[in-house]
Amino acid sequence: MKRSGFKALLLACAGLFALSGTVDAGTVRVTIAEYSKGTGPYFNEAAQAFEAANPGTKIQIEVVPWDNLQQKLTTDISAGANADLSIIGTRWLLDYVSQGIITPLDAHVTPDFKARFIDTFLKPSVMDGKVYGLPIAASARALYYNKDVFAKAGLSGPPGTWAEFTAGAEKIKASAPGVFAFGLQGKEIETDVYFYYALWSQGGEIVQGGKSGLGSAAAVDAAKLYRSYINGGLTQPGVTSYSREDVQNLFKQGKVATVITAPFLSSQIKNEAPSLQYGVAAIPAGPGGARGTYGVTDSIVLFENSKVKDEAWKFLDFLFTTEQRTKFDKIEGFLPVNAREASDPYFADNADLKVFTSLLPGARFAPVIAGWEEIATVTSNALQTIYLGRAEIEPTLRDAAAKADEILAKK
Amino acid sequence: MGRRATAYCLILPSFLLAAFIILWPLKEIVNLALHDVNRFGLLRAFSGLANFRALFADPDFLAALWRTLVWTAGVVGGTLAVSVPVALMLNGDFYGRGIARVIVMLPWAVSLTMTAIVWRWALSGESGMLNSGLQGLGLIDGNIQWLAEAWTAFPMQVLIGVEASIPFTTTILLGGLSSVPDELYDAAAIEGAGAWDQFRFITLPLLRPFINIAVVLNTIYVFNSFPIIWATTQGGPANSTDILVTYLYKAGFRLGKLGEAAAVSLIMFGVLLVFTLIYVRLAMREEAA
Chain G
1 MKRSGFKALL
11 LACAGLFALS
21 GTVDAGTVRV
31 TIAEYSKGTG
41 PYFNEAAQAF
51 EAANPGTKIQ
61 IEVVPWDNLQ
71 QKLTTDISAG
81 ANADLSIIGT
91 RWLLDYVSQG
101 IITPLDAHVT
111 PDFKARFIDT
121 FLKPSVMDGK
131 VYGLPIAASA
141 RALYYNKDVF
151 AKAGLSGPPG
161 TWAEFTAGAE
171 KIKASAPGVF
181 AFGLQGKEIE
191 TDVYFYYALW
201 SQGGEIVQGG
211 KSGLGSAAAV
221 DAAKLYRSYI
231 NGGLTQPGVT
241 SYSREDVQNL
251 FKQGKVATVI
261 TAPFLSSQIK
271 NEAPSLQYGV
281 AAIPAGPGGA
291 RGTYGVTDSI
301 VLFENSKVKD
311 EAWKFLDFLF
321 TTEQRTKFDK
331 IEGFLPVNAR
341 EASDPYFADN
351 ADLKVFTSLL
361 PGARFAPVIA
371 GWEEIATVTS
381 NALQTIYLGR
391 AEIEPTLRDA
401 AAKADEILAK
411 K
Chain Y
1001 MGRRATAYCL
1011 ILPSFLLAAF
1021 IILWPLKEIV
1031 NLALHDVNRF
1041 GLLRAFSGLA
1051 NFRALFADPD
1061 FLAALWRTLV
1071 WTAGVVGGTL
1081 AVSVPVALML
1091 NGDFYGRGIA
1101 RVIVMLPWAV
1111 SLTMTAIVWR
1121 WALSGESGML
1131 NSGLQGLGLI
1141 DGNIQWLAEA
1151 WTAFPMQVLI
1161 GVEASIPFTT
1171 TILLGGLSSV
1181 PDELYDAAAI
1191 EGAGAWDQFR
1201 FITLPLLRPF
1211 INIAVVLNTI
1221 YVFNSFPIIW
1231 ATTQGGPANS
1241 TDILVTYLYK
1251 AGFRLGKLGE
1261 AAAVSLIMFG
1271 VLLVFTLIYV
1281 RLAMREEAA
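If you read the sequences in order, they're chains G and Y. If you're matching positions, the first sequence starts at 1 in my numbering and goes up one per residue. If you're matching positions, the second sequence starts at 1001 in my numbering and goes up one per residue.
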């Protein structure tokens, strides 16, 4: 009796080891970030189509919510249990490259394959002349405005500059009680980015010559601009309790007249608030005419320790065909990364998307620096302090710039 | 002696298993905390206490440490203050007691994260249920932005914590109450003791061991509790509602400082161990006296 119990235990242990080893040569594991409820079904369908065309190769899709992606990757990688392919934020790429965790794809990337992409979106995934990832998702930002509210305030079109924006916002405040002119994000992911829109329009940069641009005059002016909107009642009250999704929801409910965000808001509005009359325009320019939008890509990368690199590449090749990309970007509301895909009538004739694509030449991507997330956190904390009116603008930004410089100097 | 040896032998396998499950991760964490660690858990140079020194030099960490103590004391104290009367009422005999017990237990059936997310919506400034409810009652004129600032957000988080801890605590106390013999109350009533005296001299002393266990268990759960703070404010704005475990999560997974995160978890382990030892010692002395 006792003996058989021990045997059973041994067997169970052996079974556990066997389980961790069953992922055999023909299986490609792929970690996917969940962008929307359509993400999982799309990838499972793509995997099935691929398996049908490539018998012998199995694709195993693991869908992870975006918020948990970094945590999952960190734990998986430190345990050596990571998948073969994974989606990562392109802004994390440097960490992965410098630690030798992912492998360059150049052996497979032919000039023909490269020509499939719109160059702006492939570039952020290229480091030291090597392609380390492929842009699986691409997005930019623009100003959404509520046409009904604008018409009621007597405004003929979207504001071209922040000065026009301010004047228009005052008119909205006077003509539409209960509607706030500017939806300002002050919480959670990309709180810092919402500030960079103003920073760029004042001619500032996030990092310039290896130093943080937070202490610059442009940053102070940008912060003063947003602060004046908060003080003047032109934003929704309590901005530090609104995340990006919260502000987008206010816009859908018609409670804020403008919001700066990504193309996917268009598809959300189509589904959730189809009667909302809105337009999309460039983010207002500063006094010197400068303006900027934020470009973001997520990359799909191949891990160095993968034992099925060739099969994994084949799946990548399949995912980046025009047909698959068109399908995926339509579901998610992302910008086309594939040049042929962009000429698809769905994208070419879409008025909203046209605005986004027209802004791409001036788009800035997150700077490729180690410790970027830490700088973003320092910046967001400083901004929240300013938005709450708990400290003076200039010393707060100067302190944040000093902290950011320290982080930049570490590497 | 022989009997004793047999007893130890019999405990040994489960002791070894427990030791492996508890001590091995502890060893790993100590190892992480004493090294310079990269984002992916790769140990680099041995760095001694540098991670701890970095933590104690960070004002946000010290604030989070202090706030964790306030949070734990607030939630555990608040839970006890509500649960004792609730348990007393539910222990009484009244029509619909079964339904009332189910209602009190229900929050337990909902995952803590879901509770916290529902509260996040309820506390939303422009479209939250709480604001519209309070306005409907005529208690406030304008909307309160509950989660915008720490002085409104943190007390609400403590209240959510209390709400989530009540079912468990009430269950423990109900168990305790059912073990108090009715004869004691009858005898006390004959001697002329009123309801308050009965509560003070019979119920409370007999309930004490149950209250003790509720305090220790709740303290451990609440001290380590992540979902409520994370789902409502993520420790913001500007780290003003961070407790140690949210600080740890951000340090480890957002900023990639796994060494510092390991150090935080060791400090949390130490604080809880010391608290539990002191409390158990005190409680035992009381019982012995």
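Quick caveat, the hints were computed from the structure, so don't treat them as lab data. Among these hints, one or two may not hold up.
Partial pick of chain Y residues on the chain G-facing surface, computed with a CB cut under 7 Å [said to hold, decoys possible]:
| no. | residue |
| --- | --- |
| 1 | Leu1034 |
| 2 | Asp1036 |
| 3 | Arg1044 |
| 4 | Phe1046 |
| 5 | Ser1047 |
| 6 | Gln1145 |
| 7 | Ala1231 |
| 8 | Pro1237 |
| 9 | Phe1253 |
Distance condition first, Cα-Cα at most 30 Å in a straight line; then the derived DSS-like pairs of lysine-lysine [unchecked claim]:
| no. | chain 1 | residue 1 | chain 2 | residue 2 |
| --- | --- | --- | --- | --- |
| 10 | G | Lys330 | G | Lys255 |
| 11 | G | Lys147 | G | Lys130 |
| 12 | G | Lys410 | Y | Lys1027 |
| 13 | Y | Lys1027 | G | Lys72 |
| 14 | G | Lys270 | G | Lys58 |
| 15 | G | Lys354 | G | Lys37 |
Cβ atoms here follow ideal geometry from the backbone N, Cα and C, with glycine treated the same way.
- prompt: Which numbered hints turn out to be false for this structure?
  reply: 1, 2, 3, 4, 5, 7, 11 and 14
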